[in-house]
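Residue numbers (our numbering), protein chains in the order written: chain A, 1 to 134; chain B, 135 to 244.
Don't read these hints as lab results, they were simulated from the structure.
Among the hints, erroneous ones may be present.
What the hints assert, rightly or not - Far from chain B by the CB rule (all over 12 Å, computed), these chain A residues: (1) S64; (2) G71; (3) S117.
What the hints assert, rightly or not - To be clear about the criterion: a stretch of chain B counts as covered by chain A if any three or more of its residues have a C-beta under 8 Å from a C-beta of chain A, and this derived list gives those stretches: (4) 148-157; (5) 220-233.
Stated by the list, open to error - Simulated restraints on C-beta separations: (6) W107/A - D175/B: 28 to 38 Å; (7) D106/A - D212/B: 37 to 47 Å; (8) G206/B - N52/A: 25 to 35 Å; (9) D126/A - E187/B: 50 to 60 Å; (10) E22/A - G226/B: 43 to 53 Å.
These figures come from a predicted structure and were not determined experimentally.
Quick reminder that beta carbons are idealized off the backbone N, C-alpha and C, glycines included.
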Amino acid sequence: MATKKFLYVNRTAPHGSIYAQESLEVVLIAAAFEQDVSLAFIDDGVYQLMQNQDTSGIGSKNFSPTYKALGDYDVSKIYVEQESLELRGLGKDDLMPLTYEDEDDDWAEKDSIHVVSSKELAEIIDQQDVILNF
Amino acid sequence: MTIEAGGKTYETDEEGYLVNLSDWNDELANEMAKADGAVLDENHWEVINFLREYYEEYQIAPAVRVLTKAVGKKLGKDKGTSKYLYELFPYGPAKQACKYAGLPKPTGCV
């Protein structure tokens with residue numbers, strides 16, 4: 001099977017709509033089919049990666065622990081737009097730590113989250129074969 | 135659909151996956167296996183319990199490639215092969231083991 005570069009762009013807050021959860025689901029499917037998968041989080045999408053989410057008050061499933069499984073699926077390119085974080089008064093420390101084990105470096109645990117500027121993200125978007133917006 | 139175990143009736147979907155995760159118990163897993171003509175031994179249980187823990191931590195049932203890798207890491211390299219897992223669960227390790235573990239069908243199994 002030919003491998004394509006897929007970028008999933010996440011723009012919405014995690015629990016007010018189904019977009020975030022559906023995006024994560026298709027990300028895992030693409031990764032299970034061994035595609036080259038990257039994720040971008042911009043605008044309110046950055047809230048999807050917040051630490052310590054609690055959905056008990058709104059009666060929906062807290063799917064946020066699933067982001068931590070992305071490393072197991074060999075998804076290690078997670079880009080978060082710096083401007084979107086700053087606008088919301090957030091920093092990388094407010095996000096869940098997401099890691100993967102690098103096969104080419106004796107399975108060393110490495111950080112999957114890359115905070116990038118809007119300009120850098122534009123270059124990343126430019127390199128993709130398929131872009132899906134959520 | 136429903137399945138009976140220990141004198142109680144539990145709701146399943148059309149493929150036999152448990153509807154309510156919290157209904158799950160050992161007896162139910164054994165009944166599900168019996169319906170498929172299988173008997174669960176300690177090697178099956180090792181994988182089933184591993185899947186329950188994986189779901190507890192990540193809120194998903196892992197795809198078979200991920201399961202294989204994770205089992206190898208947790209239970210030993212000799213067990214982290216698709217051959218070993220398919221021998222235990224001939225209908226597909228992710229699908230069949232997840233069913234007995236009371237989890238939803240794994241994401242990516244279409």
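Hints, one by one, checked against the model:
Against chain B, the non-interface label of S64/A is violated: not every CB pair exceeds 12 Å, the least being about 8 Å. At the 12 Å boundary, the C-beta of G71/A falls inside the reach of chain B, the nearest C-beta of that chain being 10 Å off. Distance check for S117/A against chain B: the nearest CB is about 31 Å away, which clears 12 Å, and the non-interface claim stands. For the region 148-157 of chain B, the stated coverage by chain A is violated: 0 residues have a C-beta nearer than 8 Å to a C-beta of that chain, whereas at least 3 were required.
Judged by the Cβ-Cβ criterion of 8 Å, the region 220-233 of chain B is not covered by chain A as claimed, because only 0 of its residues qualify and three are needed. Here the CB-CB span from W107/A to D175/B is close to 31 Å, well matched to the stated 28 to 38 Å. For the pair D106/A and D212/B, the supplied restraint of 37 to 47 Å is violated, since their beta-carbon distance comes to about 21 Å. For the pair G206/B and N52/A, the beta carbons lie near 31 Å from each other, so the given range of 25 to 35 Å is met.
Checked against the given bound of 50 to 60 Å, the beta carbons of D126/A and E187/B, roughly 41 Å apart, lie outside it. Look at E22/A against G226/B: about 24 Å separates their beta carbons, and that is not inside 43 to 53 Å.
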